[in-house]
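Assemble the complex: chain P is given as a structure, and chains Y and E must be docked to it using the hints.
Residue numbers (the numbering used here), protein chains in the order written: chain P, 1 to 83; chain Y, 84 to 284; chain E, 285 to 532.
Any given hint could be a false lead.
[Claimed, not checked] Incomplete in silico selection of chain E near chain Y, CB under 8 Å:
no. : residue
1   : W296
2   : L298
3   : V301
4   : E303
5   : V305
6   : D306
7   : R333
8   : A336
9   : Y340
10  : Q341
11  : D365
12  : T374
13  : W467
The set of hints was computed from the structure by calculation and includes no laboratory data. Glycine included, C-beta positions come from ideal geometry on N, C-alpha and C.
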Amino acid sequence: MDALDGNAIAGALFEHFGHDMTMAEVRCSHCQSTSMMAELRVYMKAPGDVARCPSCDEVVMVIVNVRGTERFDMSHMEMVSPT
Amino acid sequence: MSPISRGFTRRRQSTADTTRVPPGQYVTGDFPVLSAGPTPHTPPDQWSLRIDGQVDEPVSWTWEEFLALPSETPTVDIHCVTKWSKLATTWKGVSLDVLLEYVQTEAEYLTAWSDGGYTTNLALEDVTDGRAWVAYEFAGEQLESEHGGPARLLVPHLYFWKSAKWVRGLTLTPNDEPGFWETYGYHNHGDPWLEQRYQGD
Amino acid sequence: MAGTALPRRLSWQLGRVVELVDETARTKSIVLDVPDWQGHRAGQHVDIRLTAEDGYQAERSYSIGSAPEDPHLVLTVERLDDGEVSPYLTDVLMPGDELELRGPIGGYFVWEESLGGPLLLIAGGSGVAPFRAMLRHWSAAHSSVPTRLLYSSRSLDDLIYRKELLDGVYDGVEVRIALTRHWPDDWQGHRGRIDGQLLQKVAWTPSERPLVYICGPTGFVEAAAQSLVGEGHDPRRVRTERFGPTGT
Numbered sequence: 001m002d003a004l005d006g007n008a009i010a011g012a013l014f015e016h017f018g019h020d021m022t023m024a025e026v027r028c029s030h031c032q033s034t035s036m037m038a039e040l041r042v043y044m045k046a047p048g049d050v051a052r053c054p055s056c057d058e059v060v061m062v063i064v065n066v067r068g069t070e071r072f073d074m075s076h077m078e079m080v081s082p083t
Numbered sequence: 084m085s086p087i088s089r090g091f092t093r094r095r096q097s098t099a100d101t102t103r104v105p106p107g108q109y110v111t112g113d114f115p116v117l118s119a120g121p122t123p124h125t126p127p128d129q130w131s132l133r134i135d136g137q138v139d140e141p142v143s144w145t146w147e148e149f150l151a152l153p154s155e156t157p158t159v160d161i162h163c164v165t166k167w168s169k170l171a172t173t174w175k176g177v178s179l180d181v182l183l184e185y186v187q188t189e190a191e192y193l194t195a196w197s198d199g200g201y202t203t204n205l206a207l208e209d210v211t212d213g214r215a216w217v218a219y220e221f222a223g224e225q226l227e228s229e230h231g232g233p234a235r236l237l238v239p240h241l242y243f244w245k246s247a248k249w250v251r252g253l254t255l256t257p258n259d260e261p262g263f264w265e266t267y268g269y270h271n272h273g274d275p276w277l278e279q280r281y282q283g284d
Numbered sequence: 285m286a287g288t289a290l291p292r293r294l295s296w297q298l299g300r301v302v303e304l305v306d307e308t309a310r311t312k313s314i315v316l317d318v319p320d321w322q323g324h325r326a327g328q329h330v331d332i333r334l335t336a337e338d339g340y341q342a343e344r345s346y347s348i349g350s351a352p353e354d355p356h357l358v359l360t361v362e363r364l365d366d367g368e369v370s371p372y373l374t375d376v377l378m379p380g381d382e383l384e385l386r387g388p389i390g391g392y393f394v395w396e397e398s399l400g401g402p403l404l405l406i407a408g409g410s411g412v413a414p415f416r417a418m419l420r421h422w423s424a425a426h427s428s429v430p431t432r433l434l435y436s437s438r439s440l441d442d443l444i445y446r447k448e449l450l451d452g453v454y455d456g457v458e459v460r461i462a463l464t465r466h467w468p469d470d471w472q473g474h475r476g477r478i479d480g481q482l483l484q485k486v487a488w489t490p491s492e493r494p495l496v497y498i499c500g501p502t503g504f505v506e507a508a509a510q511s512l513v514g515e516g517h518d519p520r521r522v523r524t525e526r527f528g529p530t531g532t
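For reference, chain P alone in the conformation it holds in the complex (with noise of 0.2 Å):
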């Protein structure tokens, strides 16, 4: 299954940040390798969107919706920074 990327997420993104996020740069927990938001790999057809770093694809973000409501996970992430 290919993968699309964050732009196909950045509605969600922007919903729950309040701003545009695809330019926001993230470090991947698990390699430490930094990449754009926008650059990360997004499986989306799925009971939730997972994003996957791009250098060692591990899951860094998982996006559920719970009853109505987005949740974010973002533990195997940190921000570099916000844009």
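The following block gives chains Y and E in isolation, referenced to the frame of chain P:
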């Protein structure tokens, strides 16, 4: 509430026997492919299935050994938490009752783990007594990798995220340990008839 | 509609369909009047949301194909046979209908005149949509940034914005078409898929530091990006946007 989009309806669904369709589900003729990551492609000569964890001795099978085990051809309805249900799907696989005969355990739970890192947790009582298989054929054909091949877990009485694709092992555990989707908010049990979609349902 | 840099809020708003334009047998442009539109930048997209009578909703993202300087918002939609939203937009939607949308969204895959160039746009199938916004903006701004569009399509019949691109509406932009499955016998453009060789021919050299934008199906985008970065182009000057399946 959003305005109605004139003439928009969800994708066509067949009228179905509602005693067979759990609440909140619709019936589809497709077999949607859902995935949390890239599709693994493990060739049979690199494949093995393992049962370990809280067992007296771990056991594993190569692909040939696995295919030589007694198999069944269940016909089951499957229900995805994303609300589609597919009725009367046909599979070929090895019952977990057969596989678990090879180990001695006092564990009450297991974590199924897969190529690509996916995991899901199940109670042993949910995968015994003819309720679960490791399946390697679907609709009479070898199971395609996008649907979980070479082999996947098949636990049709629970939401289909519990039927781990690309399964490579079952680790028996004393406690219920949330797997991938369970960690991100989905229900530990996942009974579609009780609509146990999310933690707390 | 003058463009403003960023919207103040990302809320759902309504647009009214003004016109539908057949681009190819499977692709339509939807021309929208959006009264509360705050403006956008070329390359951004909108999220569309459809609501059925039973409350069921489906959402999809579509790139904006119009420039910030254009009077209406244009979305170009390719009909996916097994899609849930695209067949509605191409087959059911009519002028006068309302469409719920939010946007504009995205700051990464954006080009505006002030960013300069040289500018290389590489499109696969319906991935050409955001580039129409960029090219129209380029024209409206009377830009002198050297710009090239490399567009891969199955055949001439599948070429979106065919008339505009082949008639040279974007005067000064070098347009190169690669037809991957069918081409006329006298076809002077590229035959077959875009490969490293063609990319090298069309792209500026890495030392000229072009700004590169690649949009289309994932496989297409990744192959092109890898090729260019492999040739020495600065990965920070290569921007990518992956679409779901399209008919390339």
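**Prompt:** Which hints, by number, does the structure contradict?
**Reply:** The structure breaks hints 3, 4, 5, 6, 11, 12, 13; every other hint is satisfied.
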